[in-house]
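**Student:** What follows is the residue order along each chain.
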Amino acid sequence: MIYLKLAYRNMRRSLRDYAIYFFTIVLSVMIFYSFNSLKDQPVMVEVCRQAGIESNIIAVLLGFASFFVAFIVAALVLYSNNFIIRRRKREWGTYLLLGMNQGAVARMLFLETLGVGAIAYLLGIVTGVLFSGLMSVLFATLLEVAFPARIFTFSLYSILLTGVFYTLIFIGVGIMGSFSVSRHSLASLLVANRTNEAYKARNHWVTVMLGIVSLAVLGFGYWIGYRAIANSNFNPMNPVFILVAALMVVGSFGFFYVGLGFVFSILCRIDRFRWKGLNTFTMQQILKKVNSNTLVLTAANILLAMIITSVVFLVAFQSLLKQNQAGALPYAYAVLYLEPDDVVGFDAVANANPLNPLLKKLAITRYLTEVSSSDLVLPQDTDKNDSPILSFNDSCSAVGMSEYNAVRQAKGLNPVNLDEGVIAIQTGALSQPFTEKIQKAAGQGLSLNLAGSSYTVGQVVSEPFVSVVSSSMCMLVVPDEAVAELLPDGAATTLMYEYANGQDPILEENLLNEINRVGRGYWTSKQEEAANLKMIQVFIMFPGLFVEIILLLACGSVLGLQQLIETVDSARHYQGLYNLGAEDRQIHRSIFQQVTFYFFVPVALAILHSLVALSAFNKLLGGRL
Amino acid sequence: MESILQISDLTKVYGFRGNHYPALNGLSLGVGKGEFLGVMGPSGSGKTTLLNIIATIDRGSRGVVMINGQDTQRMRRGDLTRFRREHLGFIFQDYNLLDTLTLRENICLPLSIANQTPAEIKARLSSVTQTFGLHDVLDKFPAQVSGGQKQRAAAARAIISNPTMVLADEPTGALDSSSAKVLLQTLEKMNQSLGITILMVTHDATAASYCNRIVFLKDGRIISELRRAAQQPRRAFFDQILSVVALMGEKEAE
Ligand SMILES: Nc1ncnc2c1ncn2[C@@H]1O[C@H](COP(=O)(O)OP(=O)(O)OP(=O)(O)O)[C@@H](O)[C@H]1O
Ligand SMILES: [Mg+2]
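Order-wise, the sequence lines are chains R and U.
At position 115 of the first sequence the residue is numbered 116 (this note's numbering), and the sequence of numbers has no breaks.
At position 244 of the second sequence the residue is numbered 270 (this note's numbering), and the sequence of numbers has no breaks.
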């Protein structure tokens, strides 16, 4: 049959086009599958189990991102489909000319797309399983989670979801393709390859103005973002970050859309540069690509910035936490949130142990005060957008100096000595700007009122105290006699135990039994603290990074695909340049420059974003990052 | 007259294994410096093939092509590029201008490729824009100008590097008759006042009548030749061309 033979020959001739199409679909299936299988990943399941969280919650948390992924993946398929349609219009024109009717051509196209799609789907699932398994290994290593027994997993849910999603896309794509065959006149199909899109030229001054505006927007975003992170107590829920995100997106978009044109139009003023080799051609080529892909470039750039920031932050923060955690709990075991009366019972349990002579113990009780966090800083330094954990309306608790110093001594730190009428303030380790504000107020003679007497602040100590998790609380250290005037703050007594020769599982069990008996108290230990911290990090970082990397991969593949398609499409231009006497070397260099520049610009801008964010976090943590 | 192009016994065979098709069949041709040569012939007679070989974009299967005393059939790819840059200019039917560059940048491209200094480029540019009357459209993009202007820009690009010879494959093919006339007059002026050798493939007898010699190709061979006599009016030359074309058509019919 002549049609079949024709189709086969055409297919062979456009093998490269088909390969591009096919691998794009494979890649997109892989991305979609990996994203949706996150909640079934063994590492994730294990993390959720340890944290005691239902792993389905991940799907809920990622609701928004999943729309984004679906959108990008659909765009990827549509884009590559458009490419194949564009490349094959000529061929369809020939079929029509040969007398094949439009319905038949459309049907052929539809079946072809479906066939390629089905094979790509299967291959995509397999690569998705491999990819997400490898990602899990990477994260398990990075976050120091124990490896699960199984690395690779077939997530039935995601396989089905991917199947349904792609069926829908392919039906859409098939209908679109058939439309585009029947909508076009024969003549326009036959000359399809020759027409190239009209190139829009922009007004020079508009470019300059918009370029300056977009840089200003970016700078403004940096400024507010930096202040929101570094200058008050960092609160991730601060609504100002929505504004910052919007400014970053708008600014980056503007930079790609006009900023680059602005830079190039300046470069074009320099004759020595402009008239050298293929420079002008290369610049205009880059500009054309950047301009027509601004949205994707912006998304890739922002995602890249998020990934760089979170990875650097994660790595640095982990070592920071390790240091702090080492000094947080002086003894192996602690029971928090007890009533002062409970102490006797717990001491009895501890003393009943055969190792009793080696027992070391500490007790510390917090007392209620009228002082709130906002009293500790100057009025102009209060910020209504501060963290809810550290709301300025919280009242501060107080501890007696001798109990406090006993804990410090157990940690091997110098005691704090307070004169008559002087107190100290203990802040957490993780809010340096807040500590600085208190120091500033103290330097200006801050005085506080406790049970009718007035005290000045002699010293501000910034360190985690007892538990890292709650270490950002601030606490007043007051002379012992002042404590006598205050009321205990509910269940606010903490007990700490350890045997001089190390840990003892029997003590651990007995203490837990006692907690059950009195029906109060929160158990923790050095080991527990470490595990808790890790859970928090893992739970925050793992899904976040996983999603960011997948999204970046999605954006990256859109950009890569466009590069590839663009190069294939402009083969005619390169032949033209060769005819004009351009050497192969010059042409290759131009292509290389286009590709590297195209990828380098979003990366460079992303690095700039991350540097600003990281330097703000560094300020927040007092230069300890 | 000093010879600039000397082709002897050029053969070009397309296809492979028993499936040969000779597009050029032992063709010989000499072109003198300063000639305006037209190449005519029915479709498939090998005109584009001949032009591409002269342009060093393609190679012949047998035979010798000497341009300015150099045998282009025996040059390496790198040398060919340099040779093309220094000796040849091209005008294509579909202009082949880069749509992202302004006409100014398009016209100057061969010079920037050859790494000329900005001062030289500027000087050359102002001289060719004068010849082609492109002053007002230099900073426009190809999509913003007419077909005739595009083709004149392409012609300007072809001569900006002072080539020994300009090759044009149906340069008026996509133009309406008045734009075609402007282009042809400019080519004629280029040939007469600047002494540039031009080799133009065309189907159109009107276009051919601007030349001073015409060779007729058929089945890869030159079957006839016409030379415009000194002072011969273009109209008379045109009639002469038409009669040769008609004669060839009759032979075809037999
Ligand atoms: N790349 C190729 N492969 C095989 N055959 C070719 C190739 N290029 C040209 N031919 C054949 O060589 C012959 C001469 O082609 P050429 O393009 O030189 O003709 P032409 O005189 O320019 O025709 P037209 O006036 O239609 O442009 C034609 O029969 C053509 O089919
Ligand atoms: Mg031809």
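For the record, the hints were derived by calculation from the structure and aren't laboratory data.
All residues carry an ideal CB built from backbone N, CA and C; glycine is no exception.
Among the hints, a few may not be true.
Here chain R is said to cover these stretches of chain U; the calculated rule only asks that three of the stretch's residues, wherever they fall, bring their Cβ under 8 Å from a Cβ of chain R [claimed, not checked]: (1) 94-108; (2) 134-142.
Between beta-carbon pairs, the in silico distance windows are [stated by the list, open to error]: (3) R:Leu-115 <-> U:Asp-84: 39 to 47 Å; (4) R:Val-214 <-> U:Lys-166: 22 to 30 Å; (5) U:Tyr-40 <-> R:Val-214: 42 to 50 Å; (6) U:Asp-162 <-> R:Phe-274: 38 to 46 Å; (7) U:Pro-68 <-> R:Ile-172: 45 to 53 Å; (8) R:Phe-274 <-> U:Arg-103: 23 to 31 Å; (9) R:Arg-17 <-> U:Gln-96: 55 to 63 Å; (10) U:Ala-262 <-> R:Phe-274: 47 to 55 Å; (11) R:Phe-274 <-> U:Tyr-40: 42 to 50 Å.
**Student:** Starting from the hint list further up, note which numbers the structure goes against and sort them upward.
**Tutor:** 5, 6, 9
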